[in-house]
Amino acid sequence: MTFYWFAQSIGVLAFLVGITMFFNRDDRRFKKQLSAYTAIIGIHFFLMGANAAGSSAVLNSLRTLVSLRTRSQMVMVIFIVLTLVLGLGNAKHWMEVLPIIGTAVSTWALFRTSGLTTRCVMWCSTCGWVAHNIWLGSIGGSLIEGSFLFMNGFNIIRFRRLQLRGIDPFKVEKEVKKEEAA
445 MTFYWFAQSI
455 GVLAFLVGIT
465 MFFNRDDRRF
475 KKQLSAYTAI
485 IGIHFFLMGA
495 NAAGSSAVLN
505 SLRTLVSLRT
515 RSQMVMVIFI
525 VLTLVLGLGN
535 AKHWMEVLPI
545 IGTAVSTWAL
555 FRTSGLTTRC
565 VMWCSTCGWV
575 AHNIWLGSIG
585 GSLIEGSFLF
595 MNGFNIIRFR
605 RLQLRGIDPF
615 KVEKEVKKEE
625 AA
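Numbering (this note's numbering), first residue to last: 445 to 626.
If you're looking for bench data, these hints aren't it; they were derived computationally from the structure. Computed from a prediction, not measured in an experiment: that's the story for all the values here. A couple of the hints might just be wrong.
Cβ-Cβ distance ranges computed for the label pairs, FRET-style [stated by the list, open to error]:
{"id": "1", "residue 1": "R513", "residue 2": "L560", "range": "19 to 29 Å"}
{"id": "2", "residue 1": "I601", "residue 2": "S558", "range": "15 to 25 Å"}
{"id": "3", "residue 1": "L457", "residue 2": "P613", "range": "27 to 37 Å"}
{"id": "4", "residue 1": "P613", "residue 2": "T446", "range": "40 to 50 Å"}
Glycine residues also receive a C-beta, built at the ideal position from the N, C-alpha and C atoms.
Required output: the full structure, derived from the provided sequences and hints.
If you want it as structure tokens, here you go:
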């Protein structure tokens, strides 16, 4: 197996880890799975020579775990600044700016929003990652981000329809937050 195909296989592994992430209604499980996925895809990007995307993905993984513990605006700003400095410092082509912007926006969402809003912002962020991954030639990255667009979009519509019928699809998440506050 050549190094190129080894790097692509790591991307396919990330695809397998991340494919079911958006079905989670519980933000904690969603964020833990997102963190695992982004760590693996970060390794894939580094192996593919896409250091800007790799550093953004690794920061995504760490940021997502930290967002489980705190919603501090200061911590959020630190991650956004790190993303911009490390990502833009490693970018060699304007297409590499798309995942950096997506990471910065999704960082804001993970620290400041929840439920359907988080998923909508993540969907928009995914658009930049899709364009980048297709440009890079990342098989696993293109498959997973394309799947994220489809699956998250489908679930956004599904969750919104539940809300319109008076059903709260994020009730479990809210109950957990109440228990944590008590």
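Status of the hints after comparison with the structure:
1. Separated by about 23 Å at the C-beta atoms, R513 and L560 satisfy the suggested range of 19 to 29 Å.
2. In this structure, I601 and S558 meet the distance hint of 15 to 25 Å, their C-beta atoms being roughly 18 Å apart.
3. The hint said 27 to 37 Å for the Cβ distance between L457 and P613, and at roughly 29 Å that hint holds.
4. Checked against the given bound of 40 to 50 Å, the beta carbons of P613 and T446, roughly 45 Å apart, stay inside it.
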